[in-house]
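Q: Here is what each chain is made of, one letter per residue.
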Amino acid sequence: MRASALTIIAALLGLTVLTGAGAPAATADPLRDTLTVGIEPATASLKLGDHLGLHITVANHGATPTPPLVIHLDVTDPDRTTSVDPEDWTSTLSKPVGVIAPGGVKRIDWNVQPISGGTFAAYAVALSPGLDNLASSNVVQVHVAEQRALNPGGILAAAIGMPALIGSLLLLQRRTARRTRVRPTAQNG
Amino acid sequence: MSAAETPAVSRSQARPKWIVIVQRETTDLWLSSRGLGVLLAFSVALGVLAYLASSDASINLLDARESVGVVVKVAIGLGALTALVVSADAISGERERGTLEALLVTPVERRDIVVGKLLAATTMWVASLLVAFPLVLAMADGPGVVADAAAVLIIAGGLVAAALTALGLAVSSLLMSNRASLAVSVTILLLLAAPSQLPAVTASGTLNSILVKANPVSAGLTLADNVLVKQQAWSDQVPYLVSPIVATVALTALAVAWSGRLELGDAR
Numbered sequence: 001m002r003a004s005a006l007t008i009i010a011a012l013l014g015l016t017v018l019t020g021a022g023a024p025a026a027t028a029d030p031l032r033d034t035l036t037v038g039i040e041p042a043t044a045s046l047k048l049g050d051h052l053g054l055h056i057t058v059a060n061h062g063a064t065p066t067p068p069l070v071i072h073l074d075v076t077d078p079d080r081t082t083s084v085d086p087e088d089w090t091s092t093l094s095k096p097v098g099v100i101a102p103g104g105v106k107r108i109d110w111n112v113q114p115i116s117g118g119t120f121a122a123y124a125v126a127l128s129p130g131l132d133n134l135a136s137s138n139v140v141q142v143h144v145a146e147q148r149a150l151n152p153g154g155i156l157a158a159a160i161g162m163p164a165l166i167g168s169l170l171l172l173q174r175r176t177a178r179r180t181r182v183r184p185t186a187q188n189g
Numbered sequence: 001m002s003a004a005e006t007p008a009v010s011r012s013q014a015r016p017k018w019i020v021i022v023q024r025e026t027t028d029l030w031l032s033s034r035g036l037g038v039l040l041a042f043s044v045a046l047g048v049l050a051y052l053a054s055s056d057a058s059i060n061l062l063d064a065r066e067s068v069g070v071v072v073k074v075a076i077g078l079g080a081l082t083a084l085v086v087s088a089d090a091i092s093g094e095r096e097r098g099t100l101e102a103l104l105v106t107p108v109e110r111r112d113i114v115v116g117k118l119l120a121a122t123t124m125w126v127a128s129l130l131v132a133f134p135l136v137l138a139m140a141d142g143p144g145v146v147a148d149a150a151a152v153l154i155i156a157g158g159l160v161a162a163a164l165t166a167l168g169l170a171v172s173s174l175l176m177s178n179r180a181s182l183a184v185s186v187t188i189l190l191l192l193a194a195p196s197q198l199p200a201v202t203a204s205g206t207l208n209s210i211l212v213k214a215n216p217v218s219a220g221l222t223l224a225d226n227v228l229v230k231q232q233a234w235s236d237q238v239p240y241l242v243s244p245i246v247a248t249v250a251l252t253a254l255a256v257a258w259s260g261r262l263e264l265g266d267a268r
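Residue numbers (this note's numbering), protein chains in the order written: chain E, 1 to 189; chain C, 1 to 268.
The hints are simulated quantities; they were obtained by calculation from the structure and are not laboratory data. Every value quoted in this text rests on a predicted model; they were computed, and no experiment measured them. Each residue gets a CB set at the ideal place from its N, CA and C atoms; glycine is no exception. Among the hints, a few may not be true.
In silico lysine-lysine, DSSO-like type, Cα no more than 30 Å apart, as pairs [what the hints assert, rightly or not]:
| id | chain 1 | residue 1 | chain 2 | residue 2 |
| --- | --- | --- | --- | --- |
| 1 | E | K95 | E | K47 |
| 2 | C | K230 | C | K213 |
| 3 | C | K230 | E | K47 |
| 4 | E | K106 | E | K95 |
| 5 | E | K95 | C | K213 |
Each pair of labels, with its calculated beta carbon distance range [stated by the list, open to error]:
| id | chain 1 | residue 1 | chain 2 | residue 2 | range |
| --- | --- | --- | --- | --- | --- |
| 6 | C | A151 | E | N151 | 24 to 32 Å |
| 7 | E | S91 | C | Q231 | 17 to 25 Å |
| 8 | E | N151 | C | V108 | 45 to 53 Å |
| 9 | C | N208 | E | G130 | 52 to 60 Å |
| 10 | C | M176 | E | L165 | 32 to 40 Å |
| 11 | C | A180 | E | P78 | 39 to 47 Å |
| 12 | E | Q141 | C | V146 | 25 to 33 Å |
To be clear about the criterion: a stretch of chain E counts as covered by chain C if any three or more of its residues have a C-beta under 8 Å from a C-beta of chain C, and this derived list gives those stretches [to be verified]:
| id | stretch |
| --- | --- |
| 13 | 151 to 157 |
| 14 | 164 to 176 |
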């Protein structure tokens, strides 16, 4: 009798834990368990100076509304071959998305511009002020190819032409001045 | 003197003396290697900068207007520096080379000498403008940017260069040593240009805004930034034109007023 009573109490407790009943709304479930953060595209290849659009999707799979959320974007070089400052890629590193209702999905678009070549890992995390856990996205592998133009915007002709023209005039002037100095000497001799 | 030469001589005598000085000084500047040497250094520096700015613009790291703005601002700064260097050498240089005495014994008033030298030194800025313009033309991505850049170079750059040329000449007529004249003139230019290099945090605030507008060099550079990069209207730039105009008029008047003090001195 006592054993069956204990079994019933344990079952009730288990049910309570599973359904989340009795827990304070919104903060009991860790974000990592109830949220899915996805970032697209999975990989990207671009040239230095190109812009890249990142699309982040945050879905609430929990039974309760999320607390007010902030999505933070980060970029790093896992191989540590290049120093990365995400602020060079975008001026906005965090975007508020607010509360997401149970079953709700929010989409955030980010436009970034890499400023150096290499292979980088970009990812986003969802976090809420005051909570000690977060949900992170998958990682986007961003391959940025260096590019160098020999004659960017057709500037080379002017950039070399002007000093060359002035240098030629200077040489001509010096030669003329030397000839003018030499002539009276020759006449005197 | 032959009869054929008489009208030419009388024409020469009829001309204002300062025009004769302008012609002599301009010829001396551009037929000696001094003018072209300084201009060559200016064109190399501006050419390298324009190439680097265009490289960044071609891969979208820099907006096309922003890259033109960078080149225009450097052209104003370096162009004014070239004019300043020439004017700072104008009198103290002659004093050191021992040629000032010959100039002072001619029947030309000292005021005419100073005005003539001032205008001749200004040709250095005109030459810098002619070097900068093809680079701006190659970099600009439309007639609007070209027109804005040309107007900024001519108006803001012209005023800043005129003010600094007058400053250099005033310093040159006061100081006996050419080295001291160049050092003082360039130091003043660096001090005037320093506020435009302050970080954005320090640059904000009412006091700084007043200081930027009151300083002719930073006012001219800020105007260039406002028009070319921020695309502000010219009608909003009047406060930035006041100090360059006042400085040009005041320093020119000062240089001419000090012409009475022009003396051989001891150049050593």
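Q: For each hint, tell me whether it holds in the structure or not.
A: Going down the list of hints, with the structure as the test:
no.	hint	result
1	E:K95 to E:K47	holds (26 Å)
2	C:K230 to C:K213	holds (17 Å)
3	C:K230 to E:K47	holds (27 Å)
4	E:K106 to E:K95	holds (12 Å)
5	E:K95 to C:K213	violated (37 Å)
6	C:A151 to E:N151: 24 to 32 Å	holds (28 Å)
7	E:S91 to C:Q231: 17 to 25 Å	holds (19 Å)
8	E:N151 to C:V108: 45 to 53 Å	holds (51 Å)
9	C:N208 to E:G130: 52 to 60 Å	violated (38 Å)
10	C:M176 to E:L165: 32 to 40 Å	holds (38 Å)
11	C:A180 to E:P78: 39 to 47 Å	violated (59 Å)
12	E:Q141 to C:V146: 25 to 33 Å	violated (42 Å)
13	151 to 157	holds (count 6)
14	164 to 176	holds (count 6)
Checked against the numbered hints given earlier, this structure breaks hints 5, 9, 11, 12; the rest are met.
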